Amino acid sequence: MIEMRPQDIHACIVRIEGTNNEDEMYRAFKNVGATPHLVHLNELKTLDPYQCIMIPGGFSAGDYVRAGAIFASRIRSRLFDELLDFVDHGYPVGGICNGFQVLVELGLLPGDGEPGEVTACLAENDSARFECRHSLLLRTPSNPCAFTSRLPEGERLMVPSAHAEGKLLLAGGIRAYKRIEERGQVLFKYVNYANETEAPYPWNPNGSPHNIAGICNEKGNVFGMMPHPERAFDIENENGYAGRTLFESLIRYIGETF
Amino acid sequence: MEKEVTVTIGLKKGISDPEGKNVTKALSLLGFSSVKDVTVNKRYVITLDVESEEQIEQSVREMTEKLLANPVIHHYDIAW
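Chains A and B, in that order, are what the protein sequence lines are.
Take my numbering: the last position of the first sequence gets the number 389, and nothing is skipped along the way.
Take my numbering: the last position of the second sequence gets the number 145, and nothing is skipped along the way.
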């Protein structure tokens, strides 16, 4: 089987008014050799041309109602069935920060309910503040995920966080957290230099139970995280290169799978 | 007929309310020693054009569950 060349991989970065990390996301895909496209949701008629859909960070629709809720409802009204098919076929769909909130509001993460059923929430940070600093993330043992396959378990990344609503609350409480851990859906946890996965604030910037920073669906092709790997990619943003491996993983996954 | 409907969204019991806690603290710093707790709710006032009152409950409930509230953390009340 011939692997897809990176330049033949078309990643759709979906923006609406208020998203503001699409440029970093665009550069991240460009820097790993893929072909990114910045597309406004209103102009997105079909997902057919793309092998990957990414929802960037920002304050989509002014974060009105709840962070990500309006962006999610606009996707639901137009492209939701096609997006579910896209996911069913194994194509990757990712969300960073506000994008993660959108995927949660769409019911795609953690993805343990009926299609479209919302079973989680990214709630207000315990500090009641916008938390903006670097986070130390531990790559936890998890299912093969499109976004982390090239990042060894136990590896640590220093990646910027910048959010006001990042506390992952799951319907079903303790059992639900146990379930996503057992199913290998937890990708990243906030840790301190001693690798403690219960490290308190400010290591855990939002009070997320079990220090969860990023998760995927059970199949591993839908993923979301609060910190910004696309901002840790380039000498120009002075945040290092820790995020590069995640985008390389994604390109490798698509190249090998489709 | 036009009807004004109020939807109040609040956090379910047991869900922490950092904004409420901050307001509690600020009020206490301002000297309001009688304040024991504050919870923050959000209220939407929706004007509907409906044929009958029976339509209101179902359609507003649907709006609330689809957009205004996240069932994991919120409870809501509908009144008109």
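Read the hints as simulated data drawn from the structure, not as lab findings.
These numbers were taken from a predicted model, which means no experiment stands behind them.
Worth double-checking, as some hints may not be accurate.
Unchecked claim - When the alpha-carbon atoms are kept at most 27 Å apart in a straight line, the in silico BS3-like pairs for lysine-lysine are as follows:
hint : chain 1 : residue 1 : chain 2 : residue 2
1    : B       : 131       : B       : 68
2    : B       : 68        : A       : 309
3    : A       : 350       : B       : 131
What the hints assert, rightly or not - Anything over 12 Å on all C-beta distances counts as not near chain B; from chain A, calculated:
hint : residue
4    : 134
5    : 164
6    : 200
7    : 208
8    : 235
9    : 252
10   : 284
11   : 303
12   : 309
13   : 325
14   : 338
15   : 367
16   : 375
17   : 379
18   : 387
Glycine is no exception: its CB is placed at the ideal position from the N, C-alpha and C atoms.
Status of each hint after checking the structure:
Restraint check: the Cα-Cα separation between residue 131 of chain B and residue 68 of chain B comes to about 20 Å, which is no more than 27 Å; the hinted pair holds. Restraint check: the Cα-Cα separation between residue 68 of chain B and residue 309 of chain A comes to about 46 Å, which exceeds 27 Å; the hinted pair is violated. Taken as a hint, the residue 350 of chain A and residue 131 of chain B pair is honoured in the structure, with Cα atoms around 26 Å apart against an allowance of 27 Å. Distance check for residue 134 of chain A against chain B: the nearest CB is about 40 Å away, which clears 12 Å, and the non-interface claim stands.
For residue 164 of chain A, the shortest C-beta to C-beta distance to chain B comes to about 38 Å, beyond the 12 Å cut-off, and the non-interface label holds. Remark: the non-interface label on residue 200 of chain A conflicts with the geometry, its nearest Cβ contact in chain B lying 6 Å away (cut-off 12 Å). A cut-off of 12 Å between C-beta atoms contradicts the statement that residue 208 of chain A is not in contact with chain B; the least separation is 10 Å. Distance check for residue 235 of chain A against chain B: the nearest CB is about 9 Å away, which does not clear 12 Å, and the non-interface claim fails.
Distance check on residue 252 of chain A: its Cβ comes as close as 4 Å (rounded) to a Cβ of chain B, failing to clear the 12 Å threshold; non-interface status is violated. The Cβ of residue 284 of chain A sits about 29 Å from the closest Cβ of chain B, beyond the 12 Å cut-off, so the non-interface label holds. Listed as a non-interface residue, residue 303 of chain A fails to keep its Cβ farther than 12 Å from every Cβ of chain B; the least gap is roughly 9 Å. Consistency note on residue 309 of chain A: stated as away from chain B, and its beta-carbon is indeed over 12 Å from all of that chain's, at 17 Å minimum.
With a least beta-carbon separation of about 26 Å from chain B, residue 325 of chain A lies farther than 12 Å from that chain, consistent with its non-interface assignment. The beta carbon of residue 338 of chain A sits about 8 Å from the closest Cβ of chain B, which is not more than 12 Å, so the claim that it is off the interface is violated. The beta carbon of residue 367 of chain A is kept farther than 12 Å from every beta carbon of chain B, the shortest such distance being approximately 35 Å. With a least beta-carbon separation of about 34 Å from chain B, residue 375 of chain A lies farther than 12 Å from that chain, consistent with its non-interface assignment.
Against chain B, the non-interface label of residue 379 of chain A holds: every CB pair exceeds 12 Å, the least being about 34 Å. Under the 12 Å C-beta cut-off, the non-interface status given to residue 387 of chain A relative to chain B holds; the minimum distance is some 35 Å.
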